[in-house]
Amino acid sequence: MLGGHLLHGGDYNPEQWLDCPEILEEDIRLMKEAGVNCVTLGVFSWAVLEPEEGVYDFDWLERIIENLGKEGIQVILATPSGAMPHWLTQKYPEVMQVQADGRRNLPGKRHNFCYTSPVMREKITALDRALSKRFGRKENVILWHLSNELAGNFGDGACHCELCQSAFREWLKERYGTLEELNRAWWGRFWSHVYTDWEQIHSPAPHGEYTMTALTVDWRRFVTEQISGFCTMERRAVAEYSDLPATTNFMDTFKNLDYNRLQKELDIISWDNYPFWHREKDEVPVAAWSAANHSMMRSFQKKPFLLMESAPSVINWRNNNPLKRPGMHMLSCMQALAHGADSVQYFQWRKGRGSYEKFHGAVLDHKNGSDTRTFRDVSEVGARLPGLSSLLDGTVNRPKAAILFDWENWWAVEDTTGPRLDFCYPDWVMEHYRAFWEQGIEADFVDMNADLSGYRLVSAPLNYMYRAGWAEKVRDFVSGGGIFVTTCFSGEVDDTDLCFTGHHPLEDVLGIAPEEIDAPSEEFENSFTYSGKDYPAHTLCAVVRAKEGTELLASYEKDFYAGCPAVTKHAYGSGEAYFLAAASGIAFLRAFYKDVFAEAGLENALGAELPYGVTVTERMGKERVVFVMNFRNEPVCVDGIGTWTDAETGEACADRLQLAAFQCRVLTKQAD
Amino acid sequence: MLGGHLLHGGDYNPEQWLDCPEILEEDIRLMKEAGVNCVTLGVFSWAVLEPEEGVYDFDWLERIIENLGKEGIQVILATPSGAMPHWLTQKYPEVMQVQADGRRNLPGKRHNFCYTSPVMREKITALDRALSKRFGRKENVILWHLSNELAGNFGDGACHCELCQSAFREWLKERYGTLEELNRAWWGRFWSHVYTDWEQIHSPAPHGEYTMTALTVDWRRFVTEQISGFCTMERRAVAEYSDLPATTNFMDTFKNLDYNRLQKELDIISWDNYPFWHREKDEVPVAAWSAANHSMMRSFQKKPFLLMESAPSVINWRNNNPLKRPGMHMLSCMQALAHGADSVQYFQWRKGRGSYEKFHGAVLDHKNGSDTRTFRDVSEVGARLPGLSSLLDGTVNRPKAAILFDWENWWAVEDTTGPRLDFCYPDWVMEHYRAFWEQGIEADFVDMNADLSGYRLVSAPLNYMYRAGWAEKVRDFVSGGGIFVTTCFSGEVDDTDLCFTGHHPLEDVLGIAPEEIDAPSEEFENSFTYSGKDYPAHTLCAVVRAKEGTELLASYEKDFYAGCPAVTKHAYGSGEAYFLAAASGIAFLRAFYKDVFAEAGLENALGAELPYGVTVTERMGKERVVFVMNFRNEPVCVDGIGTWTDAETGEACADRLQLAAFQCRVLTKQAD
Amino acid sequence: MLGGHLLHGGDYNPEQWLDCPEILEEDIRLMKEAGVNCVTLGVFSWAVLEPEEGVYDFDWLERIIENLGKEGIQVILATPSGAMPHWLTQKYPEVMQVQADGRRNLPGKRHNFCYTSPVMREKITALDRALSKRFGRKENVILWHLSNELAGNFGDGACHCELCQSAFREWLKERYGTLEELNRAWWGRFWSHVYTDWEQIHSPAPHGEYTMTALTVDWRRFVTEQISGFCTMERRAVAEYSDLPATTNFMDTFKNLDYNRLQKELDIISWDNYPFWHREKDEVPVAAWSAANHSMMRSFQKKPFLLMESAPSVINWRNNNPLKRPGMHMLSCMQALAHGADSVQYFQWRKGRGSYEKFHGAVLDHKNGSDTRTFRDVSEVGARLPGLSSLLDGTVNRPKAAILFDWENWWAVEDTTGPRLDFCYPDWVMEHYRAFWEQGIEADFVDMNADLSGYRLVSAPLNYMYRAGWAEKVRDFVSGGGIFVTTCFSGEVDDTDLCFTGHHPLEDVLGIAPEEIDAPSEEFENSFTYSGKDYPAHTLCAVVRAKEGTELLASYEKDFYAGCPAVTKHAYGSGEAYFLAAASGIAFLRAFYKDVFAEAGLENALGAELPYGVTVTERMGKERVVFVMNFRNEPVCVDGIGTWTDAETGEACADRLQLAAFQCRVLTKQAD
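Sequence lines, in order, name chains A, B and C.
Per my numbering: the first sequence = residues 1097 to 1768.
Per my numbering: the second sequence = residues 1097 to 1768.
Per my numbering: the third sequence = residues 1097 to 1768.
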């Protein structure tokens, strides 16, 4: 466990207060009071660390680190590439990003740099090495925090400058070898888009080419590769004088970067979680979304991760930013642990007085200091975590189910112009996850490179693209006894968006042959009956033929495809494959997966029927540690739970568990 | 009849499959099976026809044409200017369009070329001539297809580069002679917009001038002229070694180009029809819209036209793309014939594997080849058409009614800032056409240059601009016995958007003097009673004074203009003029035109009352050929039809006609 | 009183008709008929006054002025900088504005010039001086109309060219002295935004910095300063040969310019009023909005102002432009006088034949000349005004209440990213004003520089920014017996958007300490009971602690802050301060202010309860002159008015006053 215990703390920006020594003293005193044991320093501090080119001023940082160290507070040290100082952009304008429309940015905001620029790379490398040399072996420094929310530039995350265009062409040469092969893979003869010189290739642009999905997906792959390369470069720089592990903070469901690729550069995963609690009275959609993202972070390395940022109270960038209702702060923190986090870190410790994030919630407020509900909420978390540290040390969730979430599939299905133009891939996937969540069945998120062998169940909604080897991998998985679920508009194209011809690549496994796909208008909504209940079919309704031996679990009830399969099940080898021909909604998915879980022998950690709004997760170690969370703002009971001990109170819990509004209880028993 | 029979086939892109000879063989075999007798080749093939500058590779095309010829399949041969090869844009960047905001496009997409560019003109001319030389006298080549969907660049259709600016200025010099005259015509003293040098004139731009309707309309006129000139140039190039007729494919209700102007360059009209069937259960609005566009295509030359593209199943570019319900494909094809088409051509024969249109419906699917509902639907059409060819040969619709649809009026009324800013001219016109359609009264669409002498009835909704001579032409038409219908916000301005002063130009004919025009807010909706029924008046309510002798058919019922004329009728010479002071809706228009048709002695070809969703058209030749179409997805009966013969079954039909869901029947009898 | 009587007339553009002498003659004849005594000449006439560089042609203008003079019609003479001639933009492209995205405009539209450009300044100064020399002492010329609707460029009003960037930097140097101070004031260390060279500073840009509110607000301050400087320059130019007063015409609630700053350059305030009458049946929201703007114009100099433009009938730029219902034209004109106007001027006298504003309503129509409802409406106003001139001469409204409307606060609260992103400051303020209006309590609008000493009551809704000295000023005001009302999200930041720390600056005065602020989602709407009635609390709900001695007038009823103060009252010195913790709506504000007015001893001029839709204002001079206006389209009675004389009929009015639909009556009695 990094740091030796659950971390609690967050982003700390003392450089904004260097002329207020009383503030800096108060900070440390109040950190102790709030149970903070770890802060992140140096994010966005370039202008202070290097006030003019080549002149470093690290003394202030050393004082801060040492003062924290004296009080036993650990430090995560950031490299400051997230925002550039003005002297850099002034002297070397080429470090600023060029947007897709060809316009070079002016300085400002953040994440406004070209990942390719040699100057940018040289300047940040030098600074990182200097930081490493000075702080890389400080006793209370425990982790490198490389840059910040990479590609988070309020746009497509990419730079389109000429340096990047050249790098893109080199990357394509590497990938395709010849233009002939590229033209073949990109189906270049359509609309005369045959490239006869590498120099003709340009990134997707609103005033140029954006209609070739093969190009747009390759560009996105390249951007991920380029940014990963930048990250590796920073990692090497800080490693020069330091053996500390390194992370960079991810964001939720972030399209600009393929995190499955980027995570390979990191020792530990961390991320920033800002769920929209209290968007509506029913907190379940948001809770499931947040849970899914925690689980995805855990899944990247199948290890505990860090919650690197979260809001101690409100945030400031949504149209309306509600206060966290009492209990929600604790529950939200516990949710992170429940899904595998080993920390609760906040953005930010103290609200700055000015600029963009001055109203973003912080542990310390402008006006009332620590005499606030937020500070008390945070202090409660600070008081609770130490009691869980040793229990959770070395534990992690080990689900038997996995859901496919693949960035390349995401990019392709949203870029293509298929039966409809409004696909939101994460929404499709997360709706499936929510059906898992409601029944307390945890899942990993995997991409098509994953090893499926440890799973009983793999679900792959809207799996439009089948990357090389995926069909074979799924076939082996099912053949070997696995249960596979997929949906309409899956298995359509290969890695470069070329449609498969002849047959669906998994026709044999699924036991169906797709013929047509309807994207019905609202008045043409269809329906089907599953297990005696009626469910809607809308948005996308595949018309498929069932092969012999395929079981029809539901059929369409209306229109010309009445009687055609809506839900099928097909045995293949020792396993089974389910096909959902139509989009329906959470009500159907809930019923459907209930049956699938039963078939797969999956049940939640309590073996209990969960009331709406309650879920459970389990972290496995020497003992079983089960988190039971109530996302309803009222008390609930869970019945039929068996016998457990409340890990925090020592109380025995048998058969029935009481949960207060927004409460999370941690139960434990010996592992079998 | 071009090709000697009704054409059936569509766009064929074998250049995408040259490395798959088995596909090319299968194509011809399945074309025969589907009753395809004509395909369009070479659209977008520039990069394959001229892989590098000046190097032509036509052999593959010749093989394809010959193989088709052997099987009796005719060829429409396209010039490939619709999309440019990358070597061209790389070497001559000036061929790419400049957008209104001054930014030059990058290569990509399609229709991305400057119509003025001498380089572009030179390169395509040379290629066209070479194509003409090689294929212009091939036996099975029957038609030149010049470029493709001209001005269809997903934008304003125009290029704003400096070459185009110069050409625009030359065009203006030609039109106005002197700046003094231009300033007068454009009312240049408003906001000090007096031009003192031709070089000061620039195309409309978001960062420049867009508020002068006289400028914006003249710019649109120029764009049409420039593109027509480009088309003529291509036509001349292919004519060098070929006597074949030439067309270019139009699009529906396409604002970028005045097709009444462009059609003069063509021997035959063709167009691409993509109605949004199954947008809602009531198919009538879409059916009437599609019918209107067919009729407009026929009206340009008052001759049969070609349906050049249509979807054999779905399309791929709407937000949701529903499958065609059973029967709709046949009905949609028959509708084209019913309004004057001599062909049913599809985009496309076979779905490509990649790029933008890979999911656009095609006769042949990626996966199931010809074993699909679509292929069977297409084959049914292929089987039906031959039986109709000789019946329809030499026939065409000859309506006694015309509706004004004038591009210059369209541009002006939508660009001006009048009583409201949200005018959609086609919506206004098509609502009137729908009232015709529902009663089986066919209409031509005419612009203000048209000869009105053959019509009994002319309707001119939202006729804002009166081009030179139009008032006189209408006056003569009514005076000579014609019936004229028009609406509020008509007769406001002349050719350069100068308001008429003193009087409405047709005050004498209409018998009313407009005084004010209200664009009431929603809560102020008005109403009137016409023939005993109440109808709403909204959106635009003219307040006019009736002259002596003008008949008030309805008056406003509310607000301060209660009692003022809402619908008037005025005898003038031997004819009559109706004025509709307010926008109301289809319910009123249906009732109103029923009376007008009676007055004009117009009745539908069956002389029958038509059930909702059913319409009829008639193509006149030696025999009368009547199409009866049911756009409801359920059977209907039409009563009181008299005596006919079903042209396809030979069955006699007397008095009552049965139609299945989405059925079209073709009836015939001797012409009187 | 300027001109010696109430002015009646409007913008007159004879330069558009110089080739129609009969029109020019008719104009003067009809002006007399309509009771027009004053027209504005020369707005947008640059191209005619200076047809080529340095060549002036003023003869036509002199003839027009003299012909008007002969008929006793006065002239307001404009400087023509509102639109540039094409010769200027062609020869000196640098005069055209550069947009925030860095693109230089093309010529066109209007207000498209750089306020900094030396060339623009030189050319217009020379022309203004020449105009001054020729016309500055003409007997019937009474006022200079400098430019037109400054900053009204359909955008942000600013130019971002390099000249403006330099001027901005100079302005910042002047303001901050050192970069150190600027970095401190702008909280530059956030996101490493530390400036180390003045040249690094750039105006806010979509492709650069827009997230620093301190920068964006300073940029807006600079723009106001730069445009004010331009205005002063023109004022000096026309003053060279003329002693006439000068104005420029303002617009309603216009964010681009701080009119409190610009008004200092002017001798008299004038503005252009285009309320959206008949947007809905309830005219009150629009009437109150229009009233507020009139009052704001009066408040700038606490003197009568001119209504410089208004529509005699419709306007042409809203999506739908309804006709004025009978009575509304007169009422709308009377409303201007009621709030302190000494004129009723129109845009425009005669509709031009072409270009952007040809359908904007005018006294004279294209087709029916003077035989229109509009002309008769205008003539009625022309007949009524002379009877009011001497009564109103020297009078003005002198309210005892003031509402804070501060541009810098506006800019800051809408630019910042706080608890919500959709603030509309004018909507917040105007809702408070409406509660005043409905009860006939007139208010001045003041900014934070104002002298509060004359007021009984000051209300400051959404007073986010406390500029230097404001807290002290309010404290003195309350301490001295004043009543102060403010709301949540007030007192947050100082002049450069730095949050106050420790305490709310007026915690002692308000008697509350803010702790948190909720921006609840819709399902979380709260409520409170005030004086026995229930009201909603939504949008923004501050959670505050009441200090000892603070009176709770209402508390939240739901959620975790149930019981917390929603409305408080706190005595401070001889005065009282009210705090409204939550947004609620007009129903609450109506009830709340009724009590506040009673507390403050404020009552309307009639001392009567006013029916919904009726309001009163008073202009004080030797006599009291009271306007009673009925904005309902039906008759109403006002009871309990005391004894008055109808100033126009001489009729005595006691106790009960009858008002016809949309009627305004003018009552008078001796001042006490």
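No wet-lab data here; the hints were simulated from the structure.
Take these hints with a grain of salt, some might be off.
Just so you know, same-sequence chains aren't split out, so a pair can sit in one copy or run between any two.
What the hints assert, rightly or not - Keeping only pairs whose Cα atoms sit at most 27 Å apart, straight-line, the calculated DSS-like set for lysine-lysine is:
1. Lys1234 - Lys1569
2. Lys1399 - Lys1360
3. Lys1569 - Lys1187
4. Lys1496 - Lys1654
5. Lys1205 - Lys1351
How the hints compare with the structure:
no.: 1; hint: Lys1234 - Lys1569; verdict: neither (46 Å within a copy, 52 Å between copies)
no.: 2; hint: Lys1399 - Lys1360; verdict: within (13 Å within a copy, 67 Å between copies)
no.: 3; hint: Lys1569 - Lys1187; verdict: neither (52 Å within a copy, 46 Å between copies)
no.: 4; hint: Lys1496 - Lys1654; verdict: neither (37 Å within a copy, 43 Å between copies)
no.: 5; hint: Lys1205 - Lys1351; verdict: both (20 Å within a copy, 24 Å between copies)
When held up to the earlier numbered hints, the structure conflicts with 1, 3 and 4 and fits the remainder.
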